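S.K.: Starting from the given sequences, assemble the full structure and let the hints guide the process.
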Amino acid sequence: TLRKYGGEEEVRKTAAQVLKTVRALDLKGYFFEGADASVELMLRRSLKGYQPPFEIVDYHVDVWDDRPNQYGRAGNARATVKLRVAPETVNRYVIKELRKLGDLAADAANLATLASRMAAEQRETGEARGTELLEVAEGNGPVNALGQALVKALLPLFPSLENVELRDYKVRILDNEMATASIPRVMIEFQDTATGRAWTTASADSNIISASFNALVDGVEFYLEKRADDNFD
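Per my numbering, the sequence shown starts with residue 71, numbered consecutively.
None of these hints come from the bench; they were simulated from the model.
Only a predicted model underlies this, so the values are computations on that prediction, with no experimental measurement involved.
Treat the hints loosely; a few may be bogus.
As the list claims (entries may be wrong) - Cut-off 30 Å, straight-line C-alpha distance, at most; resulting in silico cross-link-like pairs (DSS-like, lysine-lysine):
1. LYS74 - LYS118
2. LYS83 - LYS118
3. LYS118 - LYS90
4. LYS74 - LYS90
5. LYS296 - LYS152
6. LYS222 - LYS152
7. LYS152 - LYS83
8. LYS83 - LYS222
9. LYS296 - LYS74
10. LYS152 - LYS240
M.R.: Structure below.
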């Protein structure tokens, strides 16, 4: 599967380098055990021919609390996610989505309309930067709001994302002695409710929101990659 992004020799050398990187990160406490999806994405992103289905342009989260002394209630958060979808995505991913949808005429029509709009924008600008999509969503805390906004932005292109659920969310502190200045590691487990397939991603960052969002992005990107490879049907 990975050979479509590079020759056999490139894949072999890149895999060896990624393995060294993962082992070095493990020694620092950035464990990737059980997060095979993130490791595979590291390999894909290191190959010259890899084109991700989308790229994050920027994101923003607002959190507010009008009852700070209340416990056990839902938090208030609003997230904005702006991403870019490259023209190649239409050919590689969207056309396959159209075929998979079959007789779901409404979703197929929406996809076809969006694909036509993206192609028209590229012709008008003469650029291949892609189409930018922006969505806002509110949720139960910042991580939930970010996940909602990310999926909301991608749903017009990938309706099957409705089947993807976040099943588990874990946070581990890498250095207890640093207390609140320590670097947290986030692990997220996803599941495709249509097939029962599950996968896990991991990320570490001094900003727990960044670590969480990176793990969310990995989870969605991994799903779309596997679906494009016809491995999740």
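S.K.: Are there hints from earlier that the structure breaks, and if so, what are their numbers?
M.R.: Numbers 7 and 8, in rising order.
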